[in-house]
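If you want the building blocks of each chain, they are given just below.
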Amino acid sequence: MYDLPEQFSAFGEARQKGFLTVKSVKEAGGMVAGVFCTFTPLEILDAAGFLPVSLCGMSDEVIPAAEAHLPRNLCPLIKSSYGFAVSQKCPYTYFADLIVGETTCDGKKKMYELLGKLKRTYILHLPQGEDPNALESWTKELRRFIAYLEDTFSLRITDEALREAAHMRNRERQKRMRLMELMKLDPPPMRGEQLASVLDGAGFLFEAASREAKLDSLAEEVSTQYVAGERPVSASDKRILVTGCPIGGVLKKAVGLIERSGGTAVCFENCSGIKAAWQMVDADAPDIVRAIAARYLEIGCAVMTPNAKRFALLERLVDEYRIDGVVEVELQFCTPYLIEAHPVREWARGRELPYLGLETDYSQSDAGQLSTRLEAFLERL
Amino acid sequence: MRYAIGIDIGSTCAKTVVMDETGGIVRRMLQPTGWSSVDTAEAIRAELFREGVSMEDSRCVATGYGRVSVPYADRCVTEITCHGRGACRIFGTDELLIIDIGGQDTKLIAVEDGMVKDFVMNDKCSAGTGRFLEIMANTLSLRPAELCELAAGGGSTSISSMCTVFAESEVISLIGRGEKRENIAFAVVDSIVKKVVSQASRIQSDAKTVCLTGGLCEFDYLLQTLSQQLGRRVVSGPDARYAGAIGAALAARKLLS
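Heads up: the sequence lines are chains G and H, in that order. With my numbering applied, the first sequence corresponds to residues 1 to 381, in that order. With my numbering applied, the second sequence corresponds to residues 382 to 638, in that order.
These are calculated hints, taken from the structure and not from any lab test. Fair warning: this is a prediction, and the values are worked out from it, not measured in the lab. The reader is advised that the hints may include incorrect statements.
[Claimed, not checked] Going by beta-carbon spacing under 8 Å, a handful of chain H positions derived as facing chain G:
id: 1; residue: Y446
id: 2; residue: S450
id: 3; residue: D455
id: 4; residue: I461
id: 5; residue: F500
id: 6; residue: V578
id: 7; residue: Q580
Backbone N, C-alpha and C define an ideal beta-carbon position, used for all residues, glycine too.
Please put together the full structure from these sequences, using the hints given.
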C-alpha cells in the first residue's frame, strides 16, 4: 500500500475548516446561502455574490433534536439537516443569510416549511418530471428567484455574471469528472471511499481557483503514481457501481464495507457523484437563464416522474466503468428511491448484473447485518 | 487425522460439523451461543480437542454472525454462501431455493449450479424470524416446538402487527380476551409464514427444490403451512439446521487439499 497523496487529506479537512472561511467572508460583509440539493442553481447564487454552502445533514447526533418536531419515520438526511438547524450545531446554517430549498421529495418540501420559521428560506418550485412544460416553468421559476434575490438583497444579477458563473461551475464539473473517470482504470487508482470524500470535501473549498487547482493536482498526482506502477487497489477487487440516495451520511458504513469485503466502488451514480457533474451549462446560449434551467432538469433524480434519465445514465456507466455488480444504497423512508429500487433491480436483472439493495440509516445498529449482506454479495461475484 | 471443521455461530445457537478428508460427517455439535461468541468458540475448540480433533492438523471455516469471533478459523465465509453449499449437499441438488429462518434474520437464497445467485434478507426488524417465535412462545408460556404443535389445531385468529413488540401486545390482548391458546399459536405461525411468503415474492427462482434450514426445520406444522401458502412443497430434515456449518466444513475441506 502506498502513501495516500497528501492532497487527499486537504479535502477531508475542508468540511471542518471551511467554517473559518465562511466566518471571514461574513466579517468582510459577504453573504452566505445554505443549500441542500443538486437541483439548486448554483450559478444564480454565484452571480448574486452569495457563497453557496451545502447544509446536507450527514450525522445522526442531531436526529433526537429533529424528532422533537419531525416524525420518527422520516429519512435520516432530512432529520439530520433539520436537526443541525434547530439545535444550532451547524456553523454553516448559523452563518447563512438565506436557505434555498426545492420542491423535491415530500419530506424535504415540508421540512423546508419548518426551517423557514428558523431562518429566511426560499423554496424553488421544481417541476416533478419530464413534462413538456417543465423547462418553461423551471425557467420562469429561476427568473422569479433572480428577481427575489435582487429585491430582497438590493443587488443586480447580470447575464454576464451568470455566464461567468456558468463557465466557472462547468470547469469545476469537468475537474470532478476527470477525477471520477480515473476510476475507469483497471485496477482503479484509488479507493471509492477516498474519491467520495474528495468530491464531498471539494464543496467546502470555497475559493474557485484554489478548488480547481486542488482537484487538478490531485488528479495529476494520482495519475503520475499510477503510471509509475503504484497499485493501491487489488486487481482482484470487484468493480462496484453505487447508486441510490445521497450517501454522504453512510459513506463509511456502506462504501467502507464494500471496500473491506473485496470490492471497490469505482463509480458513484449518486448526487455527489456523476449524476450531478456530467452535464454542463451551455454558457454561450442566447438565453442564459434558460440554459441553466435546462441543465439542472437533466438530473435523473427519483423525485422525477418518469425518471428515464437515471436509467439511461446507469446503462452507460455499466459499460464505461466495466461494472461487476450494482449496490443500491437507500436511506430508510426515502419513498421515491425505495419505490424506484424495483425498476432498478429489474433493469439489473435484464442486464444480468448482480444487484444488491441496502436500506439503512445514519446509525451503526445495522452494521453487522449490512456486512453479512455485502460480504455474501461479493462472495457470489 | 486431518479434519475439515465448519463452525456456524448464529445469534441463538452455535453449530459445529466435523468432516473427515473424504467429506463424511463424523461429528455434529449444537450449543447455545450465549452472550459471548468468543467464549463459545473457545468451548467448541476445547470440546473438539477432548474428542481428539486438533485444530493444528485440521482446517476450520467460521460462518454466522459470530464468524469474526473464532480466532482459530482459517477463513470466514458468510452464512449465505455456506447455507447455499450446505443445502446443496444435504438435499443432493444444485438448484435450490433455501428458506433459512434464523434467530435474528430470515433469508431466502436462490442457488443455481451450486452457486448463490440471489438472496433477500429481512432488514433491522425481527418479524418472521426465530426470535419472533421465541418471544411469542414465551408470552404463551410454551416452548417454540409446543407452540407449533398447538398451532396445528387452531385457526380463525390473526395477528396484524409486523413489529415484534406490537405483536406481543396484540398477543397479550388476545390472551386477555380469552382467545384459545391454539388459536393464538396458529396466528403466530401464520404471521411468520406470511412474512416469509412476502419475502419470497422478491426473489426469482424456478428451482424444483424448496427447502427450510435453520432452527425451525423440524417443526412439521410450519413446513406444512409454508408449503401451502407458498404453493410449493417445502422439504427439510434434521441436518437442515446444520446447513451453514456443513457448508463451512465443505469450504474447510477445500483448504485441506
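Checklist entry - Are there hints from earlier that the structure breaks, and if so, what are their numbers? => result 2, 3, 6 and 7
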